[in-house]
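**Student:** What follows is the residue order along each chain.
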Amino acid sequence: MFPLNDNGMISGLLCGILFGYVLESAGFGSPVKLSAQFRLRDWAVFKVMFTAIVVAAVGLWLLRVGGLLKPDSIAVPQAALVAAAVGGALVGAGFAVGGYCPGTSVAGLFSGRIDALVFVVGVITGTAGFAVFYGTTLKSLKSAGLIAEGDTFADAYEISDPVMIAILVVALIGVFFVGSWFERRKGGPVTAQEAVEGACPTT
Amino acid sequence: MDTPTSNPRIKPFWPPFVAGVVLGLVLLLTFVLSGHGLGASGAANDLVAGVGLQLAPEATRANGYLGPQVADGNPLGSWMTWEIVGVAIGALAGAFMAGRFRVQLDGERSVGAGSRVIKALAGGFLAGFGARIAGGCTSGIGLSGSAALGVSAFVFLALFFVTGMIVSRLVKGV
Numbered sequence: 004m005f006p007l008n009d010n011g012m013i014s015g016l017l018c019g020i021l022f023g024y025v026l027e028s029a030g031f032g033s034p035v036k037l038s039a040q041f042r043l044r045d046w047a048v049f050k051v052m053f054t055a056i057v058v059a060a061v062g063l064w065l066l067r068v069g070g071l072l073k074p075d076s077i078a079v080p081q082a083a084l085v086a087a088a089v090g091g092a093l094v095g096a097g098f099a100v101g102g103y104c105p106g107t108s109v110a111g112l113f114s115g116r117i118d119a120l121v122f123v124v125g126v127i128t129g130t131a132g133f134a135v136f137y138g139t140t141l142k143s144l145k146s147a148g149l150i151a152e153g154d155t156f157a158d159a160y161e162i163s164d165p166v167m168i169a170i171l172v173v174a175l176i177g178v179f180f181v182g183s184w185f186e187r188r189k190g191g192p193v194t195a196q197e198a199v200e201g202a203c204p205t206t
Numbered sequence: 253m254d255t256p257t258s259n260p261r262i263k264p265f266w267p268p269f270v271a272g273v274v275l276g277l278v279l280l281l282t283f284v285l286s287g288h289g290l291g292a293s294g295a296a297n298d299l300v301a302g303v304g305l306q307l308a309p310e311a312t313r314a315n316g317y318l319g320p321q322v323a324d325g326n327p328l329g330s331w332m333t334w335e336i337v338g339v340a341i342g343a344l345a346g347a348f349m350a351g352r353f354r355v356q357l358d359g360e361r362s363v364g365a366g367s368r369v370i371k372a373l374a375g376g377f378l379a380g381f382g383a384r385i386a387g388g389c390t391s392g393i394g395l396s397g398s399a400a401l402g403v404s405a406f407v408f409l410a411l412f413f414v415t416g417m418i419v420s421r422l423v424k425g426v
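Same order as they appear, the protein sequences are chains A and B.
Counting along the first sequence from 1, when you hit position 1 you're at 4 in the working numbering, and nothing is skipped either side.
Counting along the second sequence from 1, when you hit position 84 you're at 336 in the working numbering, and nothing is skipped either side.
Don't read these hints as lab results, they were simulated from the structure.
This one's a predicted model, so the numbers in the text were calculated from it and none came from an experiment.
Backbone N, C-alpha and C fix where the C-beta goes; we use that ideal spot for every residue, glycine too.
Each hint should be verified, as a subset may be incorrect.
[To be verified] Here are the simulated distance ranges between beta carbons:
id, chain 1, residue 1, chain 2, residue 2, range
1, A, 10, B, 261, 37 to 47 Å
2, A, 183, B, 307, 43 to 53 Å
3, A, 69, B, 328, 45 to 55 Å
4, A, 140, B, 328, 21 to 31 Å
5, B, 354, A, 205, 16 to 26 Å
6, B, 423, A, 160, 19 to 29 Å
7, B, 311, A, 68, 17 to 27 Å
[What the hints assert, rightly or not] To list a few chain A residues with every Cβ distance to chain B over 12 Å, as calculated:
id, residue
8, 42
9, 123
10, 173
11, 184
[Claimed, not checked] In silico contact screen, one side only, chain A against chain B (beta carbon under 10 Å); selected entries:
id, residue
12, 9
13, 93
14, 142
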């Protein structure tokens, strides 16, 4: 029965290699392509993320229904909604200013981008800064807005998994529809050629 | 889009739907293998805790945030640190095989080298700090948490997108 709970070196390397390969192949090593999502010119970030979320959520649900995955056996981030909101806002701001998020900066660095190395140094400094300033304020912020009933939509709001998945499928179709409409109006998605050439003054 | 000047060695990116389906399967494999999703900022956390333990063991053990993490040994060599080593290998392989590897300071031509370095550093700091508040970043909370149908993941993504859109109109990052 799954999960195997294998947290060894080979498991980490295998998942990481596949993750890094997909990130780069999707174009997510390029800060031009990534930040074009916020300018609504390129919707690859949301298209890829929403598709992946639906595929993985459906897969997990099927495995659970089929009795192959133990119930409540996979990690769900704790439902500290204020912490998630503040953290999400800061990661979004950092993404807009720096052109990456922590994972994509590693993909950027290993497709040759020196600015991604600088971003990685920033992430490490920000992490160390959090530890240095960690006290009662940050400690309470980390668990702020916690929902006591549970972490998933099923536990917190009694929205069953199939209903949530159906909502996500509708959202996914919406992201592709709206995204492609914006892409046509704003000069299309960033191509590999443009990404490799790097940001130019007109982008 | 092919222009007469385009380099035929540079292969196009995967279509978003294809990349999304493959990423979803990789994420599913990760859940099945390890019991949790993919992540990134956790590796920075383990690096800070692990290096801190080596360089300043007393201060690290006494730190309210890092102390409990190093109580059971050095977190360097955790699943997350190996996963990030893997991300580096996978991205390098992908970029090389598709002719997309190029050493550059991306953003130098659009905002200038000095400005780009400062913005990349500041952006990284904000993202690293914010990820510790949320307990993860776009990968760990936004992607993996959403696939696990976690409530906080969708709150994270909503604020991530809204703030990113506002800030990108105030600051030209790249």
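**Student:** Each hint needs a verdict: does it hold in this structure or not?
**Tutor:** Hints and how they fare:
1. 10(A) <-> 261(B): 37 to 47 Å: holds, 39 Å
2. 183(A) <-> 307(B): 43 to 53 Å: holds, 50 Å
3. 69(A) <-> 328(B): 45 to 55 Å: Check failed, 38 Å falls outside 45 to 55 Å.
4. 140(A) <-> 328(B): 21 to 31 Å: holds, 28 Å
5. 354(B) <-> 205(A): 16 to 26 Å: holds, 19 Å
6. 423(B) <-> 160(A): 19 to 29 Å: Cβ of residue 423(B) to Cβ of residue 160(A): about 36 Å, so the range 19 to 29 Å is violated.
7. 311(B) <-> 68(A): 17 to 27 Å: violated, 49 Å
8. 42: Not fine: 6 Å to the nearest Cβ puts residue 42(A) too close to chain B.
9. 123: Residue 123(A) not clear of chain B: closest Cβ-Cβ about 7 Å, inside 12 Å.
10. 173: holds, 14 Å
11. 184: holds, 14 Å
12. 9: Constraint on residue 9(A) satisfied, holds at 5 Å.
13. 93: holds, 3 Å
14. 142: holds, 7 Å
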